[in-house]
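Q: This note's numbering applies: residue 6 is where the sequence shown begins, and numbers increase by one.
Hint data in this document are derived by calculation from the structure and do not stem from the laboratory.
Accuracy of the hints is not assured; some may be wrong.
Simulated DEER-style distance windows between Cβ atoms [claimed, not checked]:
1. L98 to K39: 24 to 34 Å
2. E28 to Q52: 12 to 22 Å
3. N56 to V26: 17 to 27 Å
For lysine to any residue, the following SDA-like pairs were computed, each having C-alpha atoms within a straight-line distance of at most 25 Å [claimed, not checked]:
4. K71 to I99
5. K68 to D31
6. K68 to S54
7. K68 to V32
8. K39 to I99
9. K39 to S72
10. K71 to V95
11. K39 to L98
12. K39 to T96
13. K33 to P58
14. K71 to G100
15. K68 to Q52
16. K39 to R55
17. K68 to Y105
18. K68 to E27
19. K30 to E91
20. K39 to G100
21. K39 to S93
22. K30 to R78
23. K30 to T73
Cβ atoms here follow ideal geometry from the backbone N, Cα and C, with glycine treated the same way.
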Amino acid sequence: LDKRGNSLQDIGNQPIAEISVEEGKDVKLSCTLKKISDANYLYWYRQASRNAPVYILYSISDKDYKSTDFPHRFSSTVNESNEDFELSIVTVLIGDSAVYYCANDWSLKI
6 LDKRGNSLQD IGNQPIAEIS VEEGKDVKLS CTLKKISDAN YLYWYRQASR NAPVYILYSI
66 SDKDYKSTDF PHRFSSTVNE SNEDFELSIV TVLIGDSAVY YCANDWSLKI
């Protein structure tokens with residue numbers, strides 16, 4: 006479910022299974038999602054060991070809407086085709102260690 010309680014339409018293709026990053030360094034996680042419409046909601050979640058996934062942020066029209074639980078160190082970018090979606094984490098902390106998931110949802114413009 007997304008933060009609005011809707012089921013997500015697609016889970017993205019995340020090519021890298023594991024990334025090791027030194028504490029204090031920056032990292033970008035990438036994801037490829039199908040463009041369904043011009044109103045794609047693109048989501049990032051993270052799941053720490055033995056916990057439920059937690060919403061980080063979603064993007065639509067190149068604007069991020071972050072959870073208040075995640076600081077300014079987390080941001081996203083979407084390429085022009087709206088298919089490549091990146092999560093950037095600056096100054097990585099040990100507490101950032103988790104499994105990260107991307108997904109999308111969409112709405113129709115009538």
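Q: Does each hint fit the structure? Answer for all of them.
A: Evaluated hints:
In this structure the supplied range 24 to 34 Å holds for L98 paired with K39, their Cβ-Cβ distance being about 32 Å. In this structure the supplied range 12 to 22 Å holds for E28 paired with Q52, their Cβ-Cβ distance being about 20 Å. For N56 and V26, the Cβ-Cβ distance of about 20 Å falls inside the hinted range of 17 to 27 Å, so the restraint holds. The suggested pairing of K71 with I99 holds, with an alpha-carbon distance near 20 Å, which does not exceed 25 Å.
Taking the CA atoms of K68 and D31, the gap is near 21 Å; set against the 25 Å cutoff, the hint holds. For the given pair, K68 sits about 29 Å from S54 by alpha-carbon distance, which is inconsistent with the 25 Å threshold. Simply put, K68 and V32 have alpha-carbon atoms about 20 Å apart, close enough for the 25 Å limit, and the pair holds. Among the hinted pairs, K39 with I99 is inconsistent with the structure: their alpha-carbon atoms are about 32 Å apart, more than 25 Å.
Distance hint between K39 and S72 is fulfilled; the C-alpha atoms sit about 24 Å from each other, no more than 25 Å. As the CA atoms of K71 and V95 are separated by approximately 15 Å, the hinted pair is consistent with the 25 Å bound. Between K39 and L98 the alpha-carbon distance is near 31 Å, which puts this suggested pair outside the 25 Å criterion. Distance check on the hinted pair: K39 and T96 sit about 30 Å apart at the alpha-carbon level, beyond 25 Å; violated.
As the CA atoms of K33 and P58 are separated by approximately 19 Å, the hinted pair is consistent with the 25 Å bound. Of the supplied pair hints, the one linking K71 and G100 holds, its CA atoms being roughly 18 Å apart against a limit of 25 Å. For the hint linking K68 to Q52, the alpha-carbon distance of about 23 Å falls within 25 Å, and the restraint holds. For the given pair, K39 sits about 30 Å from R55 by alpha-carbon distance, which is inconsistent with the 25 Å threshold.
About 20 Å separates the Cα atoms of K68 and Y105, which keeps this hinted pair within 25 Å; it holds. Proximity of K68 to E27 is assessed by CA-CA distance (about 28 Å); at most 25 Å being required, the pair is judged violated. Taking the CA atoms of K30 and E91, the gap is about 16 Å. The hint holds against a cut of 25 Å. In summary, the hint linking K39 to G100 is not supported, as the alpha carbons are separated by about 31 Å, beyond the 25 Å threshold.
Restraint check: the Cα-Cα separation between K39 and S93 comes to about 20 Å, which is no more than 25 Å; the hinted pair holds. Using a Cα cut-off of 25 Å, the hinted pair K30 and R78 holds, with the two alpha carbons roughly 11 Å apart. As the CA atoms of K30 and T73 are separated by approximately 23 Å, the hinted pair is consistent with the 25 Å bound.
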